[in-house]
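For the record, the sequence lines run as chains A and B. In terms of the numbering used here, the first sequence has 79 at position 79, counting the first letter as 1, and numbering is strictly consecutive. In terms of the numbering used here, the second sequence has 118 at position 118, counting the first letter as 1, and numbering is strictly consecutive.
None of these hints come from the bench; they were simulated from the model. Glycine included, each C-beta is placed from N, C-alpha and C at the ideal position. Please note that the accuracy of each hint is not assured.
Just some of the chain B residues that point at chain A, by a computed CB distance under 10 Å [stated by the list, open to error]:
| no. | residue |
| --- | --- |
| 1 | Cys-52 |
| 2 | Leu-53 |
| 3 | Ala-67 |
| 4 | Leu-68 |
| 5 | Gly-73 |
| 6 | Ser-74 |
| 7 | Phe-150 |
| 8 | Trp-179 |
| 9 | Asp-202 |
2 protein chains.
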Amino acid sequence: MNTIKAVVFDLYGTLYDVHSVRTLCERLYPARGDAISRMWRQKQLEYTWMRCLMGQYKDFESATVEALRHTCGSLGLALSPAGEASLCNEYLRLAPFADVPQALQRLRAAGLKTAILSNGSRHSIRQVVENSGLTSSFDHLISVDEVRQFKPHPEVYQLALDTLNLDKADILFVSCNSWDATGAKYFGYPVCWINRSGGVFDELGVSPDLVRRDVGDLAARFPVAGALENVS
Amino acid sequence: MNTIKAVVFDLYGTLYDVHSVRTLCERLYPARGDAISRMWRQKQLEYTWMRCLMGQYKDFESATVEALRHTCGSLGLALSPAGEASLCNEYLRLAPFADVPQALQRLRAAGLKTAILSNGSRHSIRQVVENSGLTSSFDHLISVDEVRQFKPHPEVYQLALDTLNLDKADILFVSCNSWDATGAKYFGYPVCWINRSGGVFDELGVSPDLVRRDVGDLAARFPVAGALENVS
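Bound conformation, chain A alone:
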């Protein structure tokens, strides 16, 4: 029987809405905000994967700015130094999803430890959490920067284990990114996939232990002891 003692969250897209940058994109590039925001996010992820695969790590902020430059170049949009700075700064002021603050309180009130394990640098994670007033909602903020790899590299998932000093089976890993949930599952954590958009889980050989609509839904129906007992 497993009893979950800690919940470790992905940040970008799971607790915080990466597409909240769309508003400033739209203001700077009218009618193109959505296209920019989507391509920027896709390239940002690809650049983290590429750099990790090539053994050419640079931190997440670098991926963010390089992906923005490529996006604007691909879409034929001029990007001024001031525009670049203000757009990248938006990634430090992402909005949490509406269900998140109360859900975190509820989990903590139930005696669970809470943490973030993110591709972001320590500085970025701290800024995002501070700017949204949620600093007191987490026991640990963990950055991939400590191992200079990006998700879904196994060394990243190991970081949460080392920080929390628990067994894998004690930790529920929560992500809206199907590939991130897959990486955590292969590493050995029980996994909850947050499926906000009604998507289809990736076909990479494993399935999530739980699927929840959002983090509020996870907190409201948190598995009691034994509910994950078929998880190794």
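Starting from the structure of chain A, add chain B where the hints point.
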């Protein structure tokens, strides 16, 4: 001064058109062929990156079929076992781009060795090349399967070096995939980016040594000795 002695090509998208599967996609799913072909290719690449990052290698054929299943699931399209088999079989019968056969002849007539270095399995590469009648146009067909990693992992690029028994500076690596050209450049090859679609090169910290419109253009204007002399 460098004198290029061998040209090593990426297969999918560089010599062969991955979107030649669009025709069968369209026949099986009228009006959806283009959407399927694009999402399938994107997911196929992502699945190779994910499996390499997670240390969960399965061969390229597995990525192809898993990506197809995810694509059909995401688009709400039923996929029968027969449909799946016939669609995946199309990846063994890709059409070479029109400029490719003559360009290969021209390079070989100039005394250059030619090879393919591909994510595909040995079986896939051989089948694609045989089915297009180009077997005699290559000295070597090299598969990532030998190292059980995918591009852009450095071990993959090392394979061409080991096979050709040349120095890095003797080998021109050619890819239409910007991220693949980037990986080869970081590894240390002189690199030619084939930019068939008028795209923008990725912002990952390096630039290609040559940019050509297609492989025919590369062969017609092949750099003479010294033309790449600023390449380390």
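Tested hints:
1. For the restraint placing Cys-52/B at the interface with chain A, the shortest Cβ-Cβ distance is roughly 6 Å, inside the 10 Å limit, so the hint holds.
2. Here the hint on Leu-53/B is kept, as its CB sits about 5 Å from the closest CB of chain A, short of 10 Å.
3. For Ala-67/B, the interface hint holds, the least distance from its beta-carbon to any beta-carbon of chain A being 7 Å, beneath 10 Å.
4. With a least beta-carbon distance of about 9 Å to chain A, the hint placing Leu-68/B at the interface is held under the 10 Å criterion.
5. A least Cβ separation of about 4 Å between Gly-73/B and chain A falls short of the 10 Å threshold, and the interface hint therefore holds.
6. Interface restraint check: Ser-74/B against chain A, minimum CB-CB distance 5 Å, threshold 10 Å, status holds.
7. Among the interface hints, the one on Phe-150/B holds; its C-beta lies about 8 Å from the nearest C-beta in chain A, closer than the 10 Å criterion.
8. Residue-level restraint check for Trp-179/B holds (minimum Cβ-Cβ distance to chain A is 5 Å; threshold 10 Å).
9. Interface restraint check: Asp-202/B against chain A, minimum CB-CB distance 6 Å, threshold 10 Å, status holds.
Against the hints set out earlier in the document, no violation occurs for any number.
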